[in-house]
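Residue numbers (this note's numbering), protein chains in the order written: chain A, 1 to 106; chain B, 107 to 221.
These are computed hints drawn from the structure, not numbers from a lab.
Hints are not guaranteed to be accurate.
[Claimed, not checked] Here are the computed distance ranges between Cβ atoms for each label pair:
1. B/A170 to A/L15: 34 to 44 Å
2. B/E212 to A/M1: 48 to 58 Å
3. A/T89 to B/L167: 42 to 52 Å
Glycine residues also receive a C-beta, built at the ideal position from the N, C-alpha and C atoms.
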Amino acid sequence: MSGAVFLDYATQVALGLLTLGLFATIIRIARGPTLPDRVLGLDLLTTLATGYIGVIAVRTGFMLYVDIAIALSLAAFLATVAFARYILTRGSKGREGNEKARGTEQ
Amino acid sequence: MIAEIAQYVSGTFLVVGAAFGLLAAIGVLRLPDLYSRMHAASKAGIVGTGLIFVGIAVVSLDGAVILRAVIGILFLVLTTPVSAHLLARAAHFLGYRASDLTVLDEMEDNTHTEA
Numbered sequence: 001m002s003g004a005v006f007l008d009y010a011t012q013v014a015l016g017l018l019t020l021g022l023f024a025t026i027i028r029i030a031r032g033p034t035l036p037d038r039v040l041g042l043d044l045l046t047t048l049a050t051g052y053i054g055v056i057a058v059r060t061g062f063m064l065y066v067d068i069a070i071a072l073s074l075a076a077f078l079a080t081v082a083f084a085r086y087i088l089t090r091g092s093k094g095r096e097g098n099e100k101a102r103g104t105e106q
Numbered sequence: 107m108i109a110e111i112a113q114y115v116s117g118t119f120l121v122v123g124a125a126f127g128l129l130a131a132i133g134v135l136r137l138p139d140l141y142s143r144m145h146a147a148s149k150a151g152i153v154g155t156g157l158i159f160v161g162i163a164v165v166s167l168d169g170a171v172i173l174r175a176v177i178g179i180l181f182l183v184l185t186t187p188v189s190a191h192l193l194a195r196a197a198h199f200l201g202y203r204a205s206d207l208t209v210l211d212e213m214e215d216n217t218h219t220e221a
């Protein structure tokens with residue numbers, strides 16, 4: 001097997017694994033149960049999307065995608081910081097899922 | 107010859123990185139509470155995306171792309187712990203409790219207790 005063929009298979013496998021990861025993260029975002037859980041899920045979602053863009057960069061050979069990946073991780077960082085500030089300033093109101101989160105529920 | 111070896115090494119890095127990303131997602135899905143989920147998401151998430159950046163750097167054999175991949179890894183390593191810490195601090199301050207399986211919570215007193 002030549003290197004190019006191996007790289008083609010490897011990127012396909014990597015894209016498949018990352019897609020499964022994205023689906024698992026989306027299930028967590030939909031389930032919650034609390035707002036910080038969903039914010040954490042969105043943070044992981046953008047981290048996985050950064051990796052996805054990186055694999056696409058190798059697959060297509062357009063290394064410009066690396067810049068896009070870096071820009072996306074910057075946006076993800078700023079969004080998570082903003083959400084954390086929002087959760088902090090929202091105060092103790094709206095702790096709707098808190099009792100559910102106490103147990104070992106998944 | 108060098109390019110061939112680089113393609114094999116890079117493909118391995120990409121698959122391992124993607125596997126770490128999947129592990130992070132499984133951890134976020136399966137672990138019992140916010141704080142242990144955060145542990146899976148930030149640590150395994152960084153390693154996954156960082157290894158994919160390493161794979162890009164290896165396959166490109168180009169100084170500019172290697173530099174950008176290194177910048178990407180450094181940026182991830184700097185920002186992910188900061189955002190995870192801010193989120194955990196905000197959640198803990200507001201009284202989102204850890205699961206009953208948690209053995210020790212040293213910041214218990216700092217929780218905002220007003221209902």
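We went through each hint and held it up to the structure:
{"no.": "1", "hint": "B/A170 to A/L15: 34 to 44 Å", "verdict": "25 Å, violated"}
{"no.": "2", "hint": "B/E212 to A/M1: 48 to 58 Å", "verdict": "53 Å, holds"}
{"no.": "3", "hint": "A/T89 to B/L167: 42 to 52 Å", "verdict": "48 Å, holds"}
Violation of the numbered hints given earlier is confined to hint 1; every other hint is satisfied by the structure.
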